[in-house]
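Chemist: Here are the chains, one letter per residue:
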Amino acid sequence: MTDIELHWDDAFAANRKSTPDHVRGRLSPENAVLPGFPSQPQASRTASMSVRKATRARDVRADPAPMRWAIIGIAVTFLVLFIVVPLLNVFAQALARGFGAYFAAIVQPDAIAAIELTLLAAAISVGLNLVFGVIAAWTITKYEFWGKSVLITVIDLPFSVSPVIAGLVFVLLFGAQGYLGPWLQEHDIKVIFALPGIVLATVFVTFPFVARELIPLMREQGTRDEEAALTLGASGLRTFFRVTLPNVKWALLYGVLLCNARAMGEFGAVSVVSGHVRGETNTMPLHIEVLYNEYQFTAAFAVASLLALLALVTLIAKVVLEGRATNAANSE
Amino acid sequence: MRIALHDVTRRFGAFTALDRVNLEVESGELIALLGPSGSGKTTLLRIIAGLDWPDEGEVHFDGEDALSRSVGERNVGFVFQSYALFRHMTVFENVAFGLRARPRRSRPGEAEIRARVERLLELVQLGPFGKRYPAQLSGGQRQRIALARALAIEPRILLLDEPFGALDAKVRKELRRWLRQLHDEIHVTSVFVTHDQEEALELADRVVVLDRGRIRQVGTPEDVYERPASAFVHHFIGESLSVPVTIATGGVHLAGRRLALDCQGLANGEASLFVRPYEVAIVPDADGAVLDGVVKRVHGFGPARRVEIALHAGGQEHFIEVHAPRNDPVRIGQRVGLQPRAYRLFAADAG
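Which chain is which? The protein sequence lines are B and L, in order. Residue 332 is where the first sequence ends in this note's numbering, and the numbering goes up by one at each step. Residue 1351 is where the second sequence ends in this note's numbering, and the numbering goes up by one at each step.
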């Protein structure tokens, strides 16, 4: 018989007889020395607890079944109507005239050029934002300086400013009538209506993604690990690549993924700076719009389906990454 | 390695974390920096390490200027309170980090690194744990790995910031004893920060008591405990009970009544009477004793009871707590006399 069972038996014995003296007797060697120690009505309390019948209350977290189903139904219906159906429609429309027409639309030279430009612009923008985002997050979380809170606010600016305005800013800066326009023309550098302008606009719009993913994590991790590496004789660069970067690996990948998704899909800002030159400065979203305006619905939806596919891949990658990151956090 | 700090001052804005601190640590010594939170002890440790710089003052290692060297060049082992183990590396790689980070010409070969890391893991009694990740270890094990990692670079000085702060009481005691043994074996000059006086007194060769950025006393554990230099040290180290008294005409007065105590050469003015709770005897004769009061509460557990007594001090009530043997007849509400066997007086303005 274990100790625990023994105690239970004692308690039951006390319970049945309902003699407080019995219980107090067991405690007395400890208490008797102390004057004025209140006698403990333990036994009687235990007794009243066993007598009380437990009536099981309804779980407060559960709503009545009809209400529960109604709420779930509304949520699911909404998701299907507004997200799943339109998405499926993109693919349905794209394939409306069969696979032949679908592939013809995709391999059309202007479409190929748009896909290439989109991938190139996204790659450059994501690369730049990866570097800038890490630097900004590092600056904000590891240093103390005047104006830091302003910087944090500025990082969020691209989220709150309309993309059209973001595009216009660059036209006003680098366009023919802009501040730097004449100088750029003199040196034969094309920014607006060319790849640099598209990249600039995309970088502006997608800047917050990487930085915003990193800042909370890096702030939480503090500088202890870096300090430890430094005391062990590691150089600044080694500390960054061997300690800081691995610590934020998953958040960084996640930020890059979101950044990439937005970079490929960006319409407004790019539309302003690109000039819509077919086969030259049209990205995928712009190309889709042009096709749609020319009533080439199948072609428009074919290219759109590619973009949607890229988004779905991003989404799946994001879910996988989130799982990884959660696992990493749980194993802390 | 001998450490000498000269007039080290560190300010954070308007707050003075360290105020002209002078300290010499002898080679091979184990020193405790003891003080309440905000006393500047961690700042002092970080300045020695090179993770922080003083606004004024000098730091010398064996006579050479340490402030002109960066943290990496000082060859100092630092154990962080939160361990700061690299979570994405195995225990083995954590310990090997300092060796791999060395410049190519002084970096040992892979076999040498392996041998040294394994020796260190043996030293901290975690030999079979090399392949694990920090997350798979207990708090005490992580702390030992942090120590092994710091020792891997063969530091000239070992600095430990609240090394046992995050551990539960039992592990803390074991690890404390183990660290003392380890220090006796490897004899590296060590400084550790703690707010736990028991830890400081048990572990250190000498204890440095800090308060509000200043060193209040430096001495062996016995010194600071038996011969505290100020009211603060008496209060901070060991249990104390204090009674505000007045020194006048060569005697000690409490609420206008002259006590049968020597004023220990103190000048006239406000002062505090300090007594250790176990150096007071409770006597039944209230009028014949040095102090008297009424028993308010008795906490009874362990070998000795603690008795809360309201001192008779004019109009005011002043509560003190003294130890009383189990079999002393003490009743709540009883008027008793208190006879200090040893006591100490400090002038009130001396802090």
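Please keep in mind that the hints were generated in silico from the structure rather than gathered at the bench. All values derive from a computational prediction rather than experimental measurement. Every residue gets a Cβ at the ideal spot worked out from N, C-alpha and C, and that includes glycine. Heads up, a few of these hints could be off.
Stated by the list, open to error - Per the computed footprint, the stretches of chain B lying under chain L, defined by three or more beta-carbons under 8 angstroms from a beta-carbon of chain L, are:
id : segment
1  : 136-149
2  : 227-235
What the hints assert, rightly or not - Facing chain B, from chain L, some residues (calculated, C-beta under 7 angstroms):
id : residue
3  : L1051
4  : W1053
5  : G1057
6  : L1067
7  : S1068
8  : V1071
9  : G1072
10 : F1078
11 : S1082
12 : A1084
13 : F1092
14 : A1101
Chemist: Decide, hint by hint, whether the structure agrees.
Modeler: Now for the hints, and whether the structure bears them out:
no.	hint	in the structure
1	136-149	violated (count 0)
2	227-235	holds (count 9)
3	L1051	holds (5 angstroms)
4	W1053	violated (14 angstroms)
5	G1057	violated (21 angstroms)
6	L1067	violated (16 angstroms)
7	S1068	violated (17 angstroms)
8	V1071	holds (5 angstroms)
9	G1072	holds (5 angstroms)
10	F1078	holds (4 angstroms)
11	S1082	holds (6 angstroms)
12	A1084	holds (4 angstroms)
13	F1092	violated (15 angstroms)
14	A1101	holds (4 angstroms)
Going through the hint list in order, the structure does not satisfy hints 1, 4, 5, 6, 7 and 13.
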